[in-house]
Each structure stands twice: as C-alpha cells, then as structure tokens.
Amino acid sequence: MRSEIQELWRFRELLVSMVQRELKIRYKNSAFGFLWSLIVPLVTVVVMTLVFKFFLRNGTENFSAYVLAAYLPYMFFQFALLDSAQSVLGAIQLVKKIYFPREILPLSLIIGNFIHFVLALGVFFLYLLAVWIRHPGISPFRAEMLWLPVLLAINFCLAAGIGLLCAALNTFYEDVKYFLSVILYVTFFLCPIMYFSEDVLYSKMVPEGQRELLYTIYHLNPIAMLCTAYRKVLVAPGPIKQGAETIAPIPLDWGLLGVTAAISVATLVFGYWTFNRLKWRFVERP
Amino acid sequence: MNEPAIHLADVRKEFMLSHSGAASIKTLLLWWKRRTLERDEVLRGVTFDVSPGECVAVLGRNGAGKSTLLGLLARVIKPTSGEIAVRGRIAPLLELGAGFHPDLTGVENVFFNGVILGLTRKEVAERLDRIVDFAEVRRHIDAPVRTYSSGMLARLGFAIAVHVDADVLLIDEVLAVGDYAFEQKCYAKIEEFKRNGGTILFVSHEMQDVRRVADRCLWLERGRIVDEGAPEELIPRYEAAMARPTEGL
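From first to last, the protein sequence lines are chains A and B.
The opening position of the first sequence corresponds to residue 1 in the working numbering, with each subsequent residue numbered one higher.
The opening position of the second sequence corresponds to residue 1 in the working numbering, with each subsequent residue numbered one higher.
In the DSBU-like style, the derived pairs of lysine-lysine whose C-alpha atoms are separated by at most 35 Å in a straight line are:
#, chain 1, residue 1, chain 2, residue 2
1, B, K189, A, K96
2, B, K189, B, K122
3, B, K185, B, K122
4, B, K194, A, K96
5, B, K122, B, K78
6, A, K96, A, K177
7, A, K96, A, K24
8, A, K96, A, K279
9, B, K78, A, K279
10, A, K24, A, K279
11, B, K185, A, K96
12, B, K78, A, K96
13, A, K177, B, K78
14, B, K185, A, K24
15, B, K122, A, K24
16, B, K122, B, K194
17, A, K28, A, K177
18, B, K78, B, K194
19, A, K241, A, K204
20, A, K28, A, K96
21, A, K24, B, K78
22, A, K28, B, K122
23, A, K28, A, K279
24, B, K189, A, K24
25, A, K279, B, K122
26, B, K78, B, K189
27, A, K96, B, K122
28, A, K53, A, K241
29, A, K24, A, K177
30, A, K53, A, K204
31, A, K279, A, K177
If you want a taste of the chain A side facing chain B, the calculated C-beta under 7 Å gives, among others:
#, residue
32, E13
33, L14
34, S17
35, R21
36, I25
37, K28
38, K97
39, I98
40, W280
Note that these hints are calculated values from the structure, not bench results.
Virtual Cβ for every residue (Gly too), placed ideally from N, Cα, C.
With the sequences and hints as input, model every part of the structure.
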C-alpha cells in the first residue's frame, strides 16, 4: 500500500486538477450555481421544521439548527458515496486509454463533495449569526466548535473508505449503486436527523434496563455517531421538548466517538486496499 | 546500439471471456459452482525492441491483438506474463478527444488533458499558445467544447498529445486528422517529433500512412508477430495475404 500512496502523491497535480474540474462542472450550466448546494438543504430544513413544530408539536428551541447540523454532514456522505460509486464507470473511456492511479477518480469526487460540504457549513455559521443578531441572547458560538475539524477528518475518512469500496465493486456489479441508495435511505432514518439521539435513550418502546444498550448499539453506526457529534459540537445543548414532555440533553460520549474514529480509519484502509486489489481489472471486467 | 525505448520480452496477455454478458445475479450465484469463464489468449509471446527515434507500425487484422499491445504499453492493462519496459514518458493519442469534458472550455480541457498526460499545470500554461495555434482553434478556445466540430476536437486532441514532449507516442488508428492542409501539418509534426528523438508506435489500416511515416512494420497475427520488415518489403506481402480469404479464423 505504501508504493500506491507514493504513486498517488506523484500524481497529486492530477488529483487537484480533477477536483477543480469537478467543482467547475457541477453547476456549469445553471444560473444559481453553488446556491443549489444550499437551496436543497435549506428547503428541507424549513419543511422539516414546520412539520415538526405544527404537526408533531415539537417545541424544542432552535430546531432548525439541530436539523441542519446533522443533515449537512449526511448530505455530504450521501452524495460522496453515490458519486464515487459511478466514478470509474463514468470515466471508463479515459481509464481504457491512459495510465493514472485509478483511485483519483473516486477521491476527486469525494473531495469535491467535501468542499461543498465545508462551504455549506460556512453558511450554517452565517445562519447562526443571523439568528443571534435577530434574537440577541447567549452567543451561539461555543468553544466546543473547535472540535469540528476532528469530526470533519473522521467523516472524510469514513466517506473515502466506503467510497473507494463502492467505486471498485460497482465497476463489476452495478447492483452496488442500487443497493447503496437503498442503504442510504434506511440509514437516513437510523441517524439522528429528524429526531434526537436522546429520543433513542428515552424510548418508551424499550424496557428500562436495556435502553443504555440500545443507545450504544445505535451509535456503533459511525454515521449516526457522527450526526450526534456534529449536533453536540455545533449547537448549544438545550432541553428537548416533545409535546408535554421535556428531555434533558445528554453530553457527547467521547468513548463512542473514539470507536467511530477507529471504525472510520479501518474502513479507509480496507477500502483503499480493496480498490488497489481490483483496480487493474477495471478495464478487463468479463 | 543504445538502449531501446520500448522493450518487450515474451509478453502474454489473457482475458477472461464472459458468455453471459454483463455481470448478473445469475452469474454471481453460479460463480461458486462453476467458473465457466473462458480464457482468451490475445497475445501469445510477443518480443520486440524499438530504438529511440524509430517509428514502428503494427499491422494486423481486427482481433490480432494490436489494441491490447498499445494498452499494455500505455500501462492501462497488465501483462499475464513477460516483461515490458518503456523509457521516458508515454503519451497515448486520445481519439477525438476522449478526455474532453463537453461542458468545459477549450482552455480548461487543454489543462486537464495536459496534466493527465503528465505535465504540471505550469508546463501546460507555457505550451498553451503553441497548442491553440497548432490546433487552429484560437477563436473558440474559451467556448465549451460541446460547441466544437468533430474536426476541431480531433485537431485539439492531436495538438495536445504532440506538445506534451513525450518520449513515446502511442497512436491507435488516427494518425493524421482534419482536412488535407491540416493532415500535412500533422505529418510534419510527426517528422519533427522523430527528428528530436521521439519514438512512435502506431496501429493503422491505412497503408498510405504506414508507408509515409513508419521505419519498420510488425505484422501481428493471432497474438504473435509473424513477420517484420521495412514498409516497402512487408506491405506487399501483407496486402497479398489480406487479399486471400481468411484461413481457419
């Protein structure tokens, strides 16, 4: 794997060019351009907030910020994986003609999506600022936000690992991309985006003694853990109001976040290893 | 004699042949029971050297293994066995700008193609004017290439490949592109490339092209080199064989 990384480093200029190309192409023929990266999540959040406030009687303050803090990372994850699954097949004409480290294809798409995600987070901070100016009170900017780069690094490793794996496998079995979209649909509901991780711990459906266990198992899913962590780090914890009930926020479980970090790095190593084993058979798949 | 630019020793390449088309659930399930994939030996022990500054044409019927040979030299596929050594930078000539993205402008595509062929962006910037002038697309260079005619695309693709200062140029079928005047320019450029010590390996069915630029021809038949020689002696033999009905193929 060491020689593969050295080869990738030798081709870093190509990786940079591919990322630039990706960023340029995406909204090339649209008038709003990058704004589309924001319009979709913003509309989703407005709809979710309205539905939760008026139909599901969720009275939690700052609910939109909670949703955004988890939904933006999830969107990055979703688009990065779906894009990279198609990356090799989409460029097969190039792959058949020219030598370059093949991992540049999925990696450039994952990095491109990551840059969009970071820009969207910038807008998230502007949103916090706007809310603060309208409703001056306690500052929404907290010291915990300094953990954000760590979360971003973990998130990137996880997305890159699964992305490389999907890119390699989808080249031989295009079932992978359909399977992936089903999995991503299911994981959306298995992540604390439309609800709170506290809801899992205090679920009425589970007997008292087993709730802790369920909470732990739930957070062994690295994406769910990342969504919880983004929320804890980006939004000041406040009481969660569900109808007549009020739940106190639970602090971030650093141990579980450590497990997620380990899973993510292991996924990256495994994904890259698998990709390297398969990459010379891309052009001669039977 | 100095070290060869291209060296192949007993190169073999096998492909898996699938009869069920694209990978399906059926093949996936049957995979474990019986590996019915057939092996297809495309190259069966190919050995040859090409000296720096030499231009070699590979002749042969469809399916003789010509494109596989170019793929191996471009390092796109790996040989099943044998030894391949290419000295210096290799530039495959992409047919009709296969590496172009339709929505990007000419300039953006030149940069991307230059980098993929091994230049740095700074090196592409230094060559940009020469490439654009050679391709004669100055007026359209800031327009998306989807608005280009196929002739313009071919010219730009050719211009990039011959300006990256590769040591070895690999050409599959398209040697000269465009109208008569531009073709002459392509030939002149290829001559210049050879004079500067550049090596060319090309595949063509156009015997006129072969006569014009090749120093030597290799005749590939069912994965083996069956004959080789200077164009003027090999081409008549080759054409005579092609005129006969195919035997046992």
